[in-house]
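Engineer: Residue-level listing of the chains:
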Amino acid sequence: MVETRPEQDSRYLDAADQFGPALDRLARAYEADDDKRRDLLQEIQFQLWRSFNAFDGRCSLRTWVYRVAHHVAASHVIRERRRFAGLVSLEELENLPGRDSSADTQLDLDRLSKLIQQLKPLDRQVIVSYLEDMDAASIAEITGLSPANVAVRIHRIKNLLARRFHEGGKHGN
Amino acid sequence: MEINPSPSDPKSIWQNQPAETSKVTMMLIRQRARDLHTKTRRALIGTAISHLIAFVCCVAGAFLGGGRWPGQRMAFGAGIVYTLIAAVMVNRKMWNAPMPGDAGFATGIEFCRAELARQSATEKRAILWVAGPLIYTVAGAYLGPVIITTIRATPDAGPNVLSKAAPFFALLTIWFVAALFIRIRQKRDLRREIEDLDAIAKESR
Numbered sequence: 001m002v003e004t005r006p007e008q009d010s011r012y013l014d015a016a017d018q019f020g021p022a023l024d025r026l027a028r029a030y031e032a033d034d035d036k037r038r039d040l041l042q043e044i045q046f047q048l049w050r051s052f053n054a055f056d057g058r059c060s061l062r063t064w065v066y067r068v069a070h071h072v073a074a075s076h077v078i079r080e081r082r083r084f085a086g087l088v089s090l091e092e093l094e095n096l097p098g099r100d101s102s103a104d105t106q107l108d109l110d111r112l113s114k115l116i117q118q119l120k121p122l123d124r125q126v127i128v129s130y131l132e133d134m135d136a137a138s139i140a141e142i143t144g145l146s147p148a149n150v151a152v153r154i155h156r157i158k159n160l161l162a163r164r165f166h167e168g169g170k171h172g173n
Numbered sequence: 001m002e003i004n005p006s007p008s009d010p011k012s013i014w015q016n017q018p019a020e021t022s023k024v025t026m027m028l029i030r031q032r033a034r035d036l037h038t039k040t041r042r043a044l045i046g047t048a049i050s051h052l053i054a055f056v057c058c059v060a061g062a063f064l065g066g067g068r069w070p071g072q073r074m075a076f077g078a079g080i081v082y083t084l085i086a087a088v089m090v091n092r093k094m095w096n097a098p099m100p101g102d103a104g105f106a107t108g109i110e111f112c113r114a115e116l117a118r119q120s121a122t123e124k125r126a127i128l129w130v131a132g133p134l135i136y137t138v139a140g141a142y143l144g145p146v147i148i149t150t151i152r153a154t155p156d157a158g159p160n161v162l163s164k165a166a167p168f169f170a171l172l173t174i175w176f177v178a179a180l181f182i183r184i185r186q187k188r189d190l191r192r193e194i195e196d197l198d199a200i201a202k203e204s205r
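First to last, the sequence lines map onto chains A and B.
In terms of this note's numbering, the first sequence opens at residue 1 and continues consecutively.
In terms of this note's numbering, the second sequence opens at residue 1 and continues consecutively.
Honestly, I wouldn't trust all of these hints.
Unchecked claim - When the alpha-carbon atoms are kept at most 16 Å apart in a straight line, the in silico EDC-like pairs for lysine to aspartate or glutamate are as follows: (1) B:K187 - A:E80; (2) A:K36 - B:E20; (3) A:K158 - A:D133; (4) A:K158 - B:D9; (5) B:K11 - A:D135; (6) A:K158 - A:D135; (7) A:K36 - A:D24; (8) A:K114 - A:D33.
In short, the hints are calculated from the structure, not lab data.
In isolation and in its complexed conformation, chain B is listed as follows (with noise of 0.2 Å):
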């Protein structure tokens, strides 16, 4: 039997709203399953070929490229090994990621307060090991150098190439500065939110 929702009461007002009939079944579950260990597969590839490209600069730059600049190949080496650890950790942290339907446990402000902080530290772990190694070797490969040779060049050389790359490194700078300031500020937004959650909670003993 039907119970028509009294128009002044809310908890009638939103027991009795139109259901939507989508039903889930098992299959669909299972799909939703393989989806997931698809797109995880997916990022993982992403991610992979931002190493690879990290990886394949710095072998050129320590065995190719030659003593063009002091501790060039140990820089470069440098490279390798960040590049080979970061995709060890992404590969570990994709895999390993913990999913609401884990929290099972958790009450709604730990679970809350869990991931504000997550999503913090997924942001710094992106930074730190997806772009991290291609930052790193852009920087040892192209800034490297170009210090190296206006340090070398003789001043009536003309202009030397790092006034010819001054534009390029503003735009950098730039973009690195307005990134850095939109980091910030999300971390702060999320610091604030977690201390409003322990506040609850403190309140809450």
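Here chain A stands alone, though its shape is the one from the complex (with noise of 0.2 Å):
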């Protein structure tokens, strides 16, 4: 069983309630099925709970929390190996044709959460931290990629975005 400090539970605690929301967007960046969502977020939650008992505040408690979210979705895309083999990264989704049009918010979100789950778990931890609105700094102390490299990788994000979205609401009208 795992061994437990008496300050882990209210760390968690406090975790949960900071960031509860942002663990809830981010399972969804990673598993389109509602019931497989709802265990990756119980899983991403119990985790994160674990490794509280490791945290000695030696990075921010949003970046332990997003580096440990990240972790276990990622772990699970990896896992359901079929799906990882038709995942695509940043540079490769540029050059995807968009297919389908909205202008209603909520299917711009369906249309924006299916964007994001076409993407590798790397690719997929910087666009969900650029929409949290995290600056490049802290997503490259998530990712482990350097600060420049990120800007990179927003600045593709930004432009792959406002066309799909430029597209969609062109559509739409």
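Join the two chains into one complex using the hints; note that each chain is given alone, in its own frame.
Structural biologist: Set out below in structure tokens:
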């Protein structure tokens, strides 16, 4: 069984309170199926609780939470090998044509989620962190990419999103 | 106050998506920890059954089968040792399997790389320590006597055991080649993913 430290529960509850909705959104970026997403979210929360046994404040709470959450989700994607084989990098996605169109916000969210779910885990980490309004330095700390590399990827993401959503908007109107 | 998402701003759409209010309580977390323990124990029982079958077959082959063919006792004795080592290895690896929650200090690149490598190693270990003893025992208990009988048979004794068992061995060979092909392709895909991550890490330095 997992050994627990006294502060583990309180740290976890604090993190879950602060980042709960963000973790919910993160799970959506990695799993399209509702039931599997709920299970993934529970697994993220469980692993987060476990992780606080080792948390020593070397990095910020936010970095720690996002790292662990992305690790659990990436592990989930890697385990589901068949899907992993069809995933693309950001560069490859830029060259793929957008197919559907919508003007409604809910549908835009679906399109955005679908777009993210096509990406390989590392690029998903960047795009999700970008959408959560993190700066390049924070994303670099989570992913292990250099801030310059993150900046390049963010630039690509912005172009990609602008193009896809602009296309969608035009079709929808 | 609720902010209305702008239809053209992806950040706004993303951050204002309807949240699922699934409350994960401490009770649920502890339940999950217990489930994990039970799942590991169940998986271990599953592998223990295959180890037990291999062990019993090896013991029977070594002590009850007599010396029908040269080296029989030694081959089954080696099978017993292999099965015992496999049981210890599987037990140790299963209880100490690393989990994403243990890797809070690792960055995304480091974790993804380690996870891909682990995935590849896990499959190799499954073949070596879970299926291995059973394959070894079946090969020893079944193929050994068949080959020896075939070698010893006189030419005019009619169709030998090996030719009778040919369809079975043909199917076994097809299955083995197909499994090997899939495994090689999966390993190559994992290798490529690891190399891609290495290239990104190098570029990022």
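Engineer: Each hint: holds or not?
Structural biologist: Verification of the supplied hints:
1. Taking the CA atoms of K187 (chain B) and E80 (chain A), the gap is near 15 Å; set against the 16 Å cutoff, the hint holds.
2. For a cut-off of 16 Å, the pair hint linking K36 (chain A) to E20 (chain B) stands: about 14 Å separates their Cα positions.
3. Distance restraint check for K158 (chain A) and D133 (chain A): the Cα-Cα separation of roughly 12 Å lies within the 16 Å cut-off, and the hinted pair is therefore satisfied.
4. Proposed proximity of K158 (chain A) and D9 (chain B) is supported: the alpha carbons are some 10 Å apart, at most 16 Å.
5. Among the hinted pairs, K11 (chain B) with D135 (chain A) is consistent with the structure: their alpha-carbon atoms are about 13 Å apart, no more than 16 Å.
6. Under the criterion of a C-alpha separation no larger than 16 Å, the hint pairing K158 (chain A) with D135 (chain A) is consistent with the structure, at around 14 Å.
7. Taking the CA atoms of K36 (chain A) and D24 (chain A), the gap is about 12 Å. The hint holds against a cut of 16 Å.
8. Of the supplied pair hints, the one linking K114 (chain A) and D33 (chain A) holds, its CA atoms being roughly 11 Å apart against a limit of 16 Å.
Hint check: no violations occur; every hint is consistent with the structure.
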